[in-house]
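There are 2 protein chains.
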Amino acid sequence: MKCSVYIATSTDGYIATTEGEVDWLHSAGNPDADMGDNPDMGFGAYMASVDCMIMGRKCMEMISSMNLSPEQWPYGDIHIVVLSNTLKTPPENLKGKVEMYSGEITDLIAQLKSKGLKHAYIDGGFTITSFLNFKLIDEMTITRAPVLLGAGIPLFGKLNNHIKLVEAESTAFENDFVQEKYGVNYL
Amino acid sequence: MKCSVYIATSTDGYIATTEGEVDWLHSAGNPDADMGDNPDMGFGAYMASVDCMIMGRKCMEMISSMNLSPEQWPYGDIHIVVLSNTLKTPPENLKGKVEMYSGEITDLIAQLKSKGLKHAYIDGGFTITSFLNFKLIDEMTITRAPVLLGAGIPLFGKLNNHIKLVEAESTAFENDFVQEKYGVNYL
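Residue numbers (the working numbering), protein chains in the order written: chain A, 1 to 187; chain B, 1 to 187.
In case anyone wonders, no lab produced these hints; they're calculated from the structure. A few of these clues could be false.
What the hints assert, rightly or not - Lysine-lysine pairs mimicking BS3-like chemistry, simulated, CA-CA at most 30 Å apart:
id, chain 1, residue 1, chain 2, residue 2
1, A, K158, B, K58
2, A, K88, A, K135
3, B, K118, B, K2
4, A, K158, B, K2
5, A, K58, B, K158
6, B, K115, B, K2
Claimed, not checked - If you want the footprint, here are the derived chain A segments under chain B, 3+ residues with CB under 8 Å:
id, stretch
7, 11 to 23
8, 143 to 151
Backbone N, C-alpha and C define an ideal beta-carbon position, used for all residues, glycine too.
Using the sequences provided together with the hints, build the complete structure.
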């Protein structure tokens with residue numbers, strides 16, 4: 001099964017402030033930019049390419065706190081698995097939308113694969129770093145918002161080894177966000 | 001006087017390993033890539049645009065440790081100022097090449113400007129962060145090597161405020177390095 005990442009960071013690589021806030025992301029960039037036929041910077045096309053999602057507990061809690069209406073829900077009806085060793089049930093407003101999982105990541109991938117799922121969207125800094133250490137991430141799209149925070153929660157945590165990226169692509173959008181796409185070449 | 005940055009980082013934003021090593025940078029990317037008419041990813045053109053350089057002590061010590069021959073020296077004959085409150089004389093192999101400075105950054109900029117200098121290359125993570133906090137950096141070119149280190153010395157340190165970047169440009173080179181260029185819009 002292919003596992004990929006599609007995530008936004010600040011230009012200095014943070015996914016949230018130290019307090020977990022992402023307001024800076026929503027106010028970043030030039031709001032008057034003409035985004036042409038790509039207003040979502042490829043997110044819709046990416047979502048159409050995945051058939052399941054795996055995220056960490058913190059990532060789920062951030063989504064829960066946004067209290068999204070059905071119209072705002074960005075993940076369609078794909079199967080969403082939330083990794084947590086402590087939480088057995090999801091928050092009230094995510095019931096029926098996500099499934100909690102507390103076992104081994106490699107077992108989870110085998111289970112999803114046996115269900116016929118082919119491409120997982122991996123989300124959340126801690127989860128992405130774990131997947132990289134398991135050599136499970138195949139592709140990463142990082143969208144850098146044009147802002148320096150100077151501190152915060154970094155996208156990438158400690159890795160067991162240096163990881164080589166390949167097949168780099170990049171786009172600077174009219175709103176000054178820069179998107180990079182990489183393959184991953186584990187040694 | 002214009003102050004700008006031209007620096008290489010890992011994709012996760014480090015300028016060196018925790019031990020200060022940059023070997024990963026020299027081995028990153030596809031060595032067989034056809035770089036066409038831009039083998040140095042714009043460094044020569046950038047150097048031709050600056051007339052002086054300001055770096056921190058650590059940055060100088062790293063350059064000193066490389067023991068560059070005159071043919072390898074990448075900075076031409078531009079005026080180089082090294083910021084240090086502790087070191088009064090440069091290492092033996094940089095004598096005549098750099099000038100030590102221990103005063104205020106704003107005074108230094110005024111001095112360089114009064115000498116008719118117009119565009120300073122600001123180098124070194126700590127120095128760049130200080131200049132950003134003084135609202136002195138006008139433009140940044142960040143060249144990301146296609147490697148994740150997972151830990152190290154970050155390019156950007158703690159900032160007094162969030163800093164808005166503008167006029168984003170990006171290029172993915174054939175060797176899988178991604179270069180981003182930004183203006184800076186201080187509030």
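Compare the distance between the alpha carbons of A:K58 and B:K158 with 30 Å, and conclude whether the hinted pair is satisfied. Holds, at about 24 Å.
Verify the coverage statement for the stretch 143 to 151 of chain A against chain B, using a C-beta to C-beta distance below 8 Å and requiring 3 or more qualifying residues. Contact hint for the stretch 143 to 151 of chain A vs chain B: holds, 7 residues under 8 Å.
Checking one constraint from the list: CA of A:K158 to CA of B:K58, max 30 Å. Satisfied? holds (24 Å)
CA of B:K118 to CA of B:K2, is that 30 Å or under? Roughly 6 Å separates the two Cα atoms, so the pair holds.
For the stretch 11 to 23 of chain A, do three or more residues have a beta carbon lying closer than 8 Å to a beta carbon of chain B? holds (count 3)
Need the status of pair A:K88, A:K135: alpha-carbon distance at most 30 Å? holds (27 Å)
Verify the proposed pairing of B:K115 with B:K2, using a straight-line Cα cut of 30 Å. The given pair, whose Cα atoms are some 14 Å apart, holds under the 30 Å limit.
Are A:K158 and B:K2 close enough, with their CA atoms no more than 30 Å apart? Not satisfied, since the Cα-Cα distance of roughly 37 Å exceeds 30 Å.
In terms of the numbered hints stated before, the structure departs from hint 4 and from no other.
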